[in-house]
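> Here's the letter readout for the chains.
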Amino acid sequence: MDWFALAQTVAEWAIAILAILAGIMSLAAGVGLIRFKDTLTRLHAGAKPQVLGVLLVALTVVIAHPTLPVMAIAFLVAVFQLLTQPIGAHMAARAAYRSPNLRKDLLLADELADDVQAADEHAGNADGTDKDGSGSRSAIARLLGRF
Amino acid sequence: MQIVLLVAGGLFGLAAVAALYRIIRGPSAIDRIVAADVLNASILCLLGVEMAVNQHTNTLPVLLVLALFAIVGSISAARFLAWKEEG
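One line per chain: the protein sequences are A and B, in this order. If you use the working numbering, the first sequence corresponds to residues 244 to 390, in order. If you use the working numbering, the second sequence corresponds to residues 58 to 144, in order.
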């Protein structure tokens, strides 16, 4: 039995399956970007393939060239993607929550709003009245400025 | 293997077209930032798959740079928007 040829065939099939999985994941992100209604849901759809798809692709590159330098660079790509994408998604979500386009009616739970109200009450606005909305606005600024 | 490249390239291309549609249509700047990130990720994935299928490593540094610097644009833009809406 020719073990080398067998290993090559297995590697080719693995590359094919991983590449098409990554493609399906990217396509799902694209469909989500088109179909979903507001920024937060689009962010949810878009952030997945940026991590998972890129990890799969880094794996295909390593399978195609199992040498140390290629492994090192693919590892770096995966680590940077894992480090930076959550930060970017967090910043985008932070900006999206404060934007006037946020569809509050689509949210099932809004824990940040509870925290903002608690911060308002803690700040001495105990009766919860807020004449011009400036209090809750600055409370949001305090909460989010701490990000 | 070329068929794999064609199929995967088609899927990544469709994702890129969807991201471009969202970049053009908006409606808000944050949607455009998110869509630009998705476009960047699909370019990165396509380069990697092409490299694995065609058995070369020429675009590996491009992959690294794309993974590194994608973050700068989206973070600075999101930060700028947050400042703008505060004032």
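Calculated directly from the structure, the hints in this document are not laboratory data. Positions of the beta carbon are idealized from the N, C-alpha and C atoms, including for glycine. Treat the hints with care, as some may be off.
To be verified - Examples of chain B residues toward chain A, derived with CB under 7 angstroms: (1) 70; (2) 71; (3) 79; (4) 83; (5) 91; (6) 100; (7) 121; (8) 126; (9) 132.
> Are any of the numbered hints broken by this structure? If so, which, sorted upward?
1, 4, 6 and 8
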